[in-house]
Structures are given as C-alpha cells and as structure tokens.
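Going down the list, the protein sequences come from chains A and B.
First residue of the first sequence: 1, per the numbering used here; consecutive thereafter.
First residue of the second sequence: 1, per the numbering used here; consecutive thereafter.
Keep in mind that the hints were calculated from the coordinates and are not lab data.
Even for Gly, the Cβ is constructed at its ideal location relative to N, Cα and C.
It cannot be assumed that every hint is accurate.
[Stated by the list, open to error] Quick list of simulated restraints, FRET-style, between CB atoms:
1. A:P195 - B:R52: 33 to 41 angstroms
2. A:L174 - B:E73: 43 to 51 angstroms
3. B:E73 - A:H171: 24 to 32 angstroms
4. B:P65 - A:L21: 52 to 60 angstroms
5. B:E39 - A:L21: 18 to 26 angstroms
6. B:G40 - A:L27: 15 to 23 angstroms
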Amino acid sequence: MSILDAIQANLLSPAVLFFALGLIAALTKSDLKFPEPLYVALTIYLLVAIGFKGGVAIAEAGLAKVWLPACAAMLLGALIPLWTYPVLRFGGKFPAVDAAAIAAHYGSVSAVTFIAATNYLKAVNQPFENYATAFLAVMESPAILVGVVLGKLATSKSGARDMTSLKAAMHEALFGRSIFLLVGALVVGWLCGKPGMAKVEAFFVTPFQGVLALFLLEMGMVAGRRLEDLKKVGPFLLAFGIVMPLLHGCLGVWLGKLTGLELGGAILMGVLAASASYIAAPAAIRMSLPDANPTFYLTSSLAVTFPFNIALGIPIYFEVARWLYS
Amino acid sequence: MNLHPMKLVTIVCEAYAQDAVTKLLRDTGAHGWTSFAVEGDGSQGKRPADIREFANVQIEVVLQPETATRLLERLATDFFPRYAMIAFESNVRVLRRDKF
Numbered sequence: 001m002s003i004l005d006a007i008q009a010n011l012l013s014p015a016v017l018f019f020a021l022g023l024i025a026a027l028t029k030s031d032l033k034f035p036e037p038l039y040v041a042l043t044i045y046l047l048v049a050i051g052f053k054g055g056v057a058i059a060e061a062g063l064a065k066v067w068l069p070a071c072a073a074m075l076l077g078a079l080i081p082l083w084t085y086p087v088l089r090f091g092g093k094f095p096a097v098d099a100a101a102i103a104a105h106y107g108s109v110s111a112v113t114f115i116a117a118t119n120y121l122k123a124v125n126q127p128f129e130n131y132a133t134a135f136l137a138v139m140e141s142p143a144i145l146v147g148v149v150l151g152k153l154a155t156s157k158s159g160a161r162d163m164t165s166l167k168a169a170m171h172e173a174l175f176g177r178s179i180f181l182l183v184g185a186l187v188v189g190w191l192c193g194k195p196g197m198a199k200v201e202a203f204f205v206t207p208f209q210g211v212l213a214l215f216l217l218e219m220g221m222v223a224g225r226r227l228e229d230l231k232k233v234g235p236f237l238l239a240f241g242i243v244m245p246l247l248h249g250c251l252g253v254w255l256g257k258l259t260g261l262e263l264g265g266a267i268l269m270g271v272l273a274a275s276a277s278y279i280a281a282p283a284a285i286r287m288s289l290p291d292a293n294p295t296f297y298l299t300s301s302l303a304v305t306f307p308f309n310i311a312l313g314i315p316i317y318f319e320v321a322r323w324l325y326s
Numbered sequence: 001m002n003l004h005p006m007k008l009v010t011i012v013c014e015a016y017a018q019d020a021v022t023k024l025l026r027d028t029g030a031h032g033w034t035s036f037a038v039e040g041d042g043s044q045g046k047r048p049a050d051i052r053e054f055a056n057v058q059i060e061v062v063l064q065p066e067t068a069t070r071l072l073e074r075l076a077t078d079f080f081p082r083y084a085m086i087a088f089e090s091n092v093r094v095l096r097r098d099k100f
C-alpha cells in the first residue's frame, strides 16, 4: 500500500467523511447543531469505552510490558514544550506567555485523534496494542504543567498568586473530567479483565464506530466554526500546526520502536506525539496563564492540527512506521 | 410590603473565568449568586455554546450598593484586561434585606 492509498483509505472512512460533513455544515452556516448535553454524552461514552478497553488490554499483557513505553510517552509529552517553546518564541516571535501556552497544547494530546487512529488501524487490518490507551492517559498532563511553568518563569512577577494558579492548573490537568474518566475507566478495565469485557462488550465495543462517526460530525462543526479565526493567527502558526505534528509523529513512532512496541503501537505513539490538546489544555492554560491569547492556541490546535491529523497525519504516520519497521 | 433598594450586578464572561469570578464574589462578601450558560457575539468573537468550555456564562448577584461598587472596581482592574467579559449594575428592590 502506497502513502496515497493509505490516505485514500482514511479519507473514505465513515469517521473522516462525517468530520468533513461537519466542516461543511459549519462553513455553509447550516442550522444543524448538536445539543451540548449530547456532546458531553458522546465524550463520556468514547472515553469510557477506550479507557475500559485499554485497561482490559493491560490486564492481558501485564504491567511489565506496558511501563517502559508508557514512561517514554510521558517523558516525550513533558519534553515537547521544551523545544516548541523556543521555536515559537524566537522563530515565530510570539510573546513568552503565548509561546508557553501553545507549547503546552502541542505536548499534550487529543483523545479524539487517538481514537480516530485506532479506528483507522482497524479499518486497514493493522493489529495494535490496545493498552496504548495508557500512553494517552499519561501524556495529557505533563506537557500542560511544563507549559504553565515555562509561562510563569517567563512572566514571573508576584510569587504568591502565581502559585495558586499553578495549583489550579495542576488540579485541572490531573482531575479534569476527560483525564479523570479515562484513567478511571482504565483502572476499572484493568481490575475487571477479560471476564468484565464480556459483560459490557455489546455496549462499549460494537456501537463504538457509529458513536465515533457521530462525534466527529460534531467535532467537524466545532472546528469549522473556528476556521474564520485562521486569519488572525498568521502564516507562521499555520505552518507550525502542520510541520510540528509531522516531526513529532516521526519522533513518536521511533520512540515506540525503541521501547519495544509492535508496529501498531508505535503508530499510536506517533499519533499521540503529533496530536495537540484542545479541551484539557485550554481549560488549564486559561486558568493559569490568563494573559496568553486563546485565539492562538485554540485555533492552531483545533482548526489546524486536529483536522490535519484526522485527514492526512494518521495515514502518514502509518506509512512512516511501516517504512521504519521494514 | 417592605422592599429595600439593592444593586443587581450582572457579569457575562467566558466560561473559563467562572471559577475566578465566583471566588472574587466570595471575597467581596456576596452571600450567593446565580449562573447560567449563555451564548452570543462580542468584540472578542462569536461564542457558539457548542462546547461548555468554549461558552459564555452569565452570573447574577444582588449586593449592597457599596459592595457592588467594590466588586465592579475589582473586575475592572483584575479581570477586564485578561478575560472576555462585561459587567453592569442595575437597581433592584428586594424582600428580606438581611439575605444580601
């Protein structure tokens, strides 16, 4: 399969086509709109399903197999802001606080991108380690904390107030609803193991693809409504939102191989490294670095990197991994 | 019926600011408040309430006139430069003055 075939297989999947449909709905100003509670319900379902599945996979594989790549994933997440920050600060001439905020978003991860990637691997019959969900769980928070500290160091004036907002960011990064649900479901799945899976499979596994398609329709609309902000972010950030994921994707795949993952797991590690957060990170950053401009970090992660990864990034990382493993 | 003059302060802000605002309300001496999710359009762009985190909230609080002034001053100095937010006060009359 060539890279073009891989991209084509991805673009013609229901998930990506529904995402495109959502984009079109937003661009044509259709009055189609999901009620907010439905969005929340779909998120809860997807996070619990993926977390539970991952937990069962950890129980099957044993912690001994998971810990090394999980630590590597966590370290990679924490380190990404350390080089994206200077790129933004000196290459893009962004103010320190904005550079730190954007860096935090690119070190952190997008659960939906990860889920779409697992969906893609299934569609092209590429087996993968289901316990990769554990990497998703451990990669969300470290980068946010590193980004907040970078932003604080760069703009530090008064000590006392800074500490309380750092605490608020830490609370949000560790106990925000998405990370809480994901880690909680992982633990539940791990404790239940295979017998537990048999009981909930009909609910959490069979309808999963349909729910994902519906969710991506909504995410297409959410991203589409922010497309007009692209004009405000400038060409540097647009390029950054595409080039950085490509570099991080290759780095993630390579790190996955280095820590003993199979081809499928390494692709997922690449996807995680390439993805940028647009729910957990903005919430934590808005609270702890309120002087950073949300248009920059939200638009680049939600309106540039997220659609890029969903449409093109995932099959590209797939091909990179296949090349690296051949 | 015995009605007492009070000030109703209305704050419309991005949802991310809600925790910081409610903490300020507590600090300035408000006894309670009401908040609800809203959507709209303003100088900092459209706020489609598609995701709770990206939405706006409206917070309403009834206060003694001097407390209301103190609150608005704090909002103007500490919050307006950082958050998408508007705030205004209006005259209201309440029953049970001691509740405020």
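Check your understanding: Can you name, in rising order, the numbers of the hints this structure does not satisfy?
Key -> Number 2 - this is the single hint that the structure violates.
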